[in-house]
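Chains as they are written, first to last, in the numbering used here: chain A, 1 to 298; chain B, 1 to 263.
Any given hint could turn out to be false.
[What the hints assert, rightly or not] No more than 35 Å apart at the CA atoms, straight line, and that leaves these computed lysine-lysine pairs for DSBU-like: (1) B:K25 with B:K223; (2) A:K114 with B:K223; (3) B:K186 with A:K114; (4) B:K190 with A:K114; (5) B:K84 with B:K25; (6) B:K140 with B:K128; (7) B:K128 with A:K114; (8) B:K84 with A:K114; (9) B:K25 with B:K190; (10) B:K128 with B:K190; (11) B:K223 with B:K84; (12) A:K114 with B:K25; (13) B:K186 with B:K140; (14) B:K140 with A:K114; (15) B:K4 with B:K186; (16) B:K190 with B:K4.
I should point out that these hints are in silico values taken from the structure, not numbers from a laboratory.
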Amino acid sequence: MATEAAAPDRIVHAPLNPPWSQQGLLEVFRHRYILTLLVRREISARYQSSVLGLMWSYVNPLTQFFIYYFVMGILFGRANRVDAFAIHVFTGLIIVHFFTETMNAGTRSIVRNKSLVQKMAVPREMFPVASMLVSLFHVGPQLVILLLATTLAGWRPDPIGMVYAVLALLISMTIGTAMALLFSAANVFLRDVGNAVSILTNFVRFGVPMVYPFTLVAARFRGHTNLYLLNPMVEAVLAFQRAFWVGATSNPARTAVVDMPPNLFWLCIRALLISLAILVFAQSTFSRLERRIPERLL
Amino acid sequence: MTDKRSIVVRHVSKTFTLRYHRTIKQMSIAMLRQQELSDSFLAVDDVSFTVRQGESIGLMGLNGSGKSTLLKMINGIMRPDSGKVLTRGRTAGLIATGAGFHPQLTGRDNVYLNAAILGMSEAETRRKFDSIVEFAEIGKFLDSPVGHYSSGMFARLGFAVAIHVDADIFLSDEVLAVGDRPFKRKCLAKLQEIRESGTTIFYVSHSAGSVRSMCDRVLVLEKGRLGFDGPVDEGIRYLHYDDDAENALDAEAEMDEELGADI
Numbered sequence: 001m002a003t004e005a006a007a008p009d010r011i012v013h014a015p016l017n018p019p020w021s022q023q024g025l026l027e028v029f030r031h032r033y034i035l036t037l038l039v040r041r042e043i044s045a046r047y048q049s050s051v052l053g054l055m056w057s058y059v060n061p062l063t064q065f066f067i068y069y070f071v072m073g074i075l076f077g078r079a080n081r082v083d084a085f086a087i088h089v090f091t092g093l094i095i096v097h098f099f100t101e102t103m104n105a106g107t108r109s110i111v112r113n114k115s116l117v118q119k120m121a122v123p124r125e126m127f128p129v130a131s132m133l134v135s136l137f138h139v140g141p142q143l144v145i146l147l148l149a150t151t152l153a154g155w156r157p158d159p160i161g162m163v164y165a166v167l168a169l170l171i172s173m174t175i176g177t178a179m180a181l182l183f184s185a186a187n188v189f190l191r192d193v194g195n196a197v198s199i200l201t202n203f204v205r206f207g208v209p210m211v212y213p214f215t216l217v218a219a220r221f222r223g224h225t226n227l228y229l230l231n232p233m234v235e236a237v238l239a240f241q242r243a244f245w246v247g248a249t250s251n252p253a254r255t256a257v258v259d260m261p262p263n264l265f266w267l268c269i270r271a272l273l274i275s276l277a278i279l280v281f282a283q284s285t286f287s288r289l290e291r292r293i294p295e296r297l298l
Numbered sequence: 001m002t003d004k005r006s007i008v009v010r011h012v013s014k015t016f017t018l019r020y021h022r023t024i025k026q027m028s029i030a031m032l033r034q035q036e037l038s039d040s041f042l043a044v045d046d047v048s049f050t051v052r053q054g055e056s057i058g059l060m061g062l063n064g065s066g067k068s069t070l071l072k073m074i075n076g077i078m079r080p081d082s083g084k085v086l087t088r089g090r091t092a093g094l095i096a097t098g099a100g101f102h103p104q105l106t107g108r109d110n111v112y113l114n115a116a117i118l119g120m121s122e123a124e125t126r127r128k129f130d131s132i133v134e135f136a137e138i139g140k141f142l143d144s145p146v147g148h149y150s151s152g153m154f155a156r157l158g159f160a161v162a163i164h165v166d167a168d169i170f171l172s173d174e175v176l177a178v179g180d181r182p183f184k185r186k187c188l189a190k191l192q193e194i195r196e197s198g199t200t201i202f203y204v205s206h207s208a209g210s211v212r213s214m215c216d217r218v219l220v221l222e223k224g225r226l227g228f229d230g231p232v233d234e235g236i237r238y239l240h241y242d243d244d245a246e247n248a249l250d251a252e253a254e255m256d257e258e259l260g261a262d263i
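Extracted from the complex, chain A is given alone in its bound form (with noise of 0.2 Å):
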């Protein structure tokens, strides 16, 4: 071994460790000035060059909205049979516009960092959680019009109903993040994810009760609503709906009972759990696929 002249002595207090990160999600909590440097940027450049520029992120649910309402509601006559009907298909637009939007930009939010991931030893879940953050930025402003638009049609706040709120965004942030990262990760393998995901997308707005009532479902499918409750985006929804639809209607105490499912907090309770464990196997099939990320990027 060569020994040098010129340099002097430094110790380094620091133990020896293997370079890169191995606490998966967890080592994104602990460089939380990254990800909001992540977080922000994201939110300045999705609208780079476009005039509209943030618009954009509630023209394209307001117009879901609008289709949705016309269709469902008037042309199928849904509007007379249920309640507050355009309140009930916006409760439910919101998260299943919040869980898709992470579930898109998630997915391809490894691919579209690829100059960083390549070169840079950043944690990767990094960019997935980004990615849920981003679209949890932009509900904030469609929860402001929702709350306007349920106000007017008489429902008042109460704390049951935002213990439910809470709940509906602790799901569908679970089970984004899970989405994401299991995506994010299979994206770099196989392009044809993308395309999968948007079959999935369609799935879910049509997989939660947001253009149709739960009513519905409990009337045609008797005895078997149990399947269908076990997809956690209707928890969230419902749950959702309960916080911020329920009140709008003209006989809420009875809306509570017979609209929604019984038991629906210890439903919610399921599903939250539902999401973590498919959050915990995401984080798993992350960390196996994450070893040749860098190198299947070009």
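Given the coordinates of chain A, assemble chain B onto it according to the supplied hints.
Coordinates of chain B only, in the frame set by chain A:
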């Protein structure tokens, strides 16, 4: 006795899979013709070495000998298939000439993001920001997207951020290949400064002159294997990179000339 090991690499191997066929159609045709579906390529093959804190290593070898792959594993971007890589402290530097910049972001935003990933806090970045910009000499381009930068400006900004990190290990992968001559000279001076502060340096170069002036030990990779590990002059002789250096009179002139001939 304090442990002075800065980088430990033990029996590290890395294989890349080369895929020939990507769609089902292509794959089934290949299967019918009984062709190989994929091929693997051993980029780094059972490499072991230890570097002490403050050592300055010149990593040499022909194109495709696995230098960048080895550097990426030391930096933590890639993981070895087998073997162990351990590093002590903060690692900064440049991999494969360019920095990890996002083309759509402005130079300013990229500096912050890059510095954050290299472990600098917001306050630290703000404090060093002017000095970074001054070193990079990108002037009014600071607020335009780095996608519009020339390759030289891109590399300069990346290098400027990297040297402002108080790193314990500094990786420099052919950074000098794209800069112009005044900038190269400035970089080399800065690298010497970093070296004198006791930072471990990993310097990848094809230029025998700059390795000679910068390093106290040379590693030579040959098709992924560690072919040589020892004193600088022997390493350069091992590579036969010293042919035209024999009769050079002025060491400084020789270095400039070789730098200019960098690939």
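Hint check:
1. B:K25 with B:K223: Distance of about 34 Å is within 35 Å: holds.
2. A:K114 with B:K223: Distance of about 27 Å is within 35 Å: holds.
3. B:K186 with A:K114: Roughly 30 Å between the alpha carbons, so the hint for K186 of chain B and K114 of chain A holds.
4. B:K190 with A:K114: Holds, at about 29 Å.
5. B:K84 with B:K25: Distance ~39 Å between K84 of chain B and K25 of chain B Cα, so the pair is violated.
6. B:K140 with B:K128: The given pair, whose Cα atoms are some 18 Å apart, holds under the 35 Å limit.
7. B:K128 with A:K114: Measuring from Cα to Cα gives roughly 27 Å; hence the hint holds.
8. B:K84 with A:K114: 25 Å, holds
9. B:K25 with B:K190: At roughly 54 Å apart (the allowed maximum being 35 Å), K190 of chain B and K25 of chain B break the hint.
10. B:K128 with B:K190: Since the Cα atoms of K128 of chain B and K190 of chain B sit roughly 16 Å apart, the hinted pair holds (cutoff 35 Å).
11. B:K223 with B:K84: Satisfied, since the Cα-Cα distance of roughly 20 Å is no more than 35 Å.
12. A:K114 with B:K25: Distance ~28 Å between K114 of chain A and K25 of chain B Cα, so the pair holds.
13. B:K186 with B:K140: 21 Å, holds
14. B:K140 with A:K114: Holds: K140 of chain B and K114 of chain A sit about 27 Å apart, inside 35 Å.
15. B:K4 with B:K186: 30 Å, holds
16. B:K190 with B:K4: 24 Å, holds
In terms of the numbered hints stated before, the structure departs from hints 5 and 9, listed from lowest to highest.
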